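Peer 1: Start from the sequences and build out the full structure, keeping to the hints where you can.
2 protein chains.
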Amino acid sequence: MNVKEIKKMYYLVIYDIASAKRLPKILKICRKYLNWVQNSSFEGELTKTQYLSLQAELKTKINKKEDSVIFYQVRTPEVVNKIILGKEKNEISIFF
Amino acid sequence: MNVKEIKKMYYLVIYDIASAKRLPKILKICRKYLNWVQNSSFEGELTKTQYLSLQAELKTKINKKEDSVIFYQVRTPEVVNKIILGKEKNEISIFF
Numbered sequence: 000m001n002v003k004e005i006k007k008m009y010y011l012v013i014y015d016i017a018s019a020k021r022l023p024k025i026l027k028i029c030r031k032y033l034n035w036v037q038n039s040s041f042e043g044e045l046t047k048t049q050y051l052s053l054q055a056e057l058k059t060k061i062n063k064k065e066d067s068v069i070f071y072q073v074r075t076p077e078v079v080n081k082i083i084l085g086k087e088k089n090e091i092s093i094f095f
Numbered sequence: 000m001n002v003k004e005i006k007k008m009y010y011l012v013i014y015d016i017a018s019a020k021r022l023p024k025i026l027k028i029c030r031k032y033l034n035w036v037q038n039s040s041f042e043g044e045l046t047k048t049q050y051l052s053l054q055a056e057l058k059t060k061i062n063k064k065e066d067s068v069i070f071y072q073v074r075t076p077e078v079v080n081k082i083i084l085g086k087e088k089n090e091i092s093i094f095f
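Residue numbers (numbering that gives the first Met the number 0), protein chains in the order written: chain A, 0 to 95; chain B, 0 to 95.
Please keep in mind that the hints were generated in silico from the structure rather than gathered at the bench.
You may find that some hints are simply not true.
Note that identical chains are pooled: a pair holds if it fits in a single copy or bridges any two copies.
To be verified - Here are the computed lysine to aspartate or glutamate pairs in the DMTMM-like style, where the Cα-Cα straight-line distance is at most 25 Å:
#1 K63 x E77
#2 K63 x E90
#3 K86 x D15
#4 K7 x E77
#5 K31 x E90
#6 K27 x E87
#7 K60 x E90
#8 K47 x E87
#9 K64 x E44
#10 K58 x E90
Just so you know, these numbers come straight off a predicted model, no measurement behind them.
Peer 2: The structure is reproduced here in structure tokens:
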């Protein structure tokens, strides 16, 4: 069997959705691909295919003039430290 | 004159504040140190002193049992790409 290494990248995704009606749709899409971190933010590892698929799904639901979704794509998670003040809402993380 | 190089680190800060009353206080503190990105998120470069000062100020205002502030501390911003879907709410960024 020819096993190809599938390269993954690390993502932090934050969104700012202007309409309360669109919000649950965006949340649902993000949950399919990533881990919820806290209000309006997700983290996770994605292959190129998953990343493009997530983008494509989000594009069909957001209002481009009002909403904003930002992907921080990290090549090496080792250079990112995560420091939490207050309550840790989800302990699953790709950054330490 | 003895010029010391002041080392800076790059930060993405996201917060989830449970009370609408505390929210403007947190926003005001973050604005003093960082650039606003979108709803509940800030970016910027900080020296160690600024970083500790920001943390100390936030600690006096958040409710540790209900609120959450996350600092993503990035040593090398070159390994982070920023991709925006929809509206770019603020063009000032430390990641490209």
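Peer 1: All hints are to be evaluated individually against the structure, with a verdict given for each.
Peer 2: Now the hints, each set against the structure:
In this assembly of identical chains, K63 and E77 lie within 25 Å of each other by CA distance neither inside one copy nor across copies; the values are 33 Å within and 27 Å between. Taking the closest pair of Cα atoms, K63 and E90 come within 25 Å of each other only across two copies (16 Å); inside a single copy the shortest separation is 32 Å, beyond that limit. In the homo-oligomer, the alpha carbons of K86 and D15 lie at most 25 Å apart both inside one protomer (22 Å) and across protomers (9 Å), since each shortest distance falls under that limit. For the identical chains of this complex, K7 and E77 are neighbours both inside a copy (14 Å) and across copies (18 Å), given an alpha-carbon limit of 25 Å.
Taking the closest pair of Cα atoms, K31 and E90 come within 25 Å of each other only inside a single copy of the chain (18 Å); across copies the shortest separation is 29 Å, beyond that limit. Taking the closest pair of Cα atoms, K27 and E87 come within 25 Å of each other both inside a single copy (21 Å) and across two copies (22 Å). For a Cα distance limit of 25 Å, the shortest separation of K60 from E90 across copies, 23 Å, qualifies, whereas the shortest one inside one copy, 29 Å, does not. Taking the shortest Cα distances, K47 and E87 sit within 25 Å of each other only across copies (23 Å), while inside one copy they are farther apart (29 Å).
Within a single copy, K64 and E44 get their C-alpha atoms no closer than 28 Å, and across copies no closer than 29 Å, so neither meets the 25 Å cut-off. For the identical chains of this complex, K58 and E90 are inter-copy neighbours only, at 20 Å across copies versus 29 Å inside a copy, given an alpha-carbon limit of 25 Å.
The earlier numbered hints that this structure contradicts are 1, 9.
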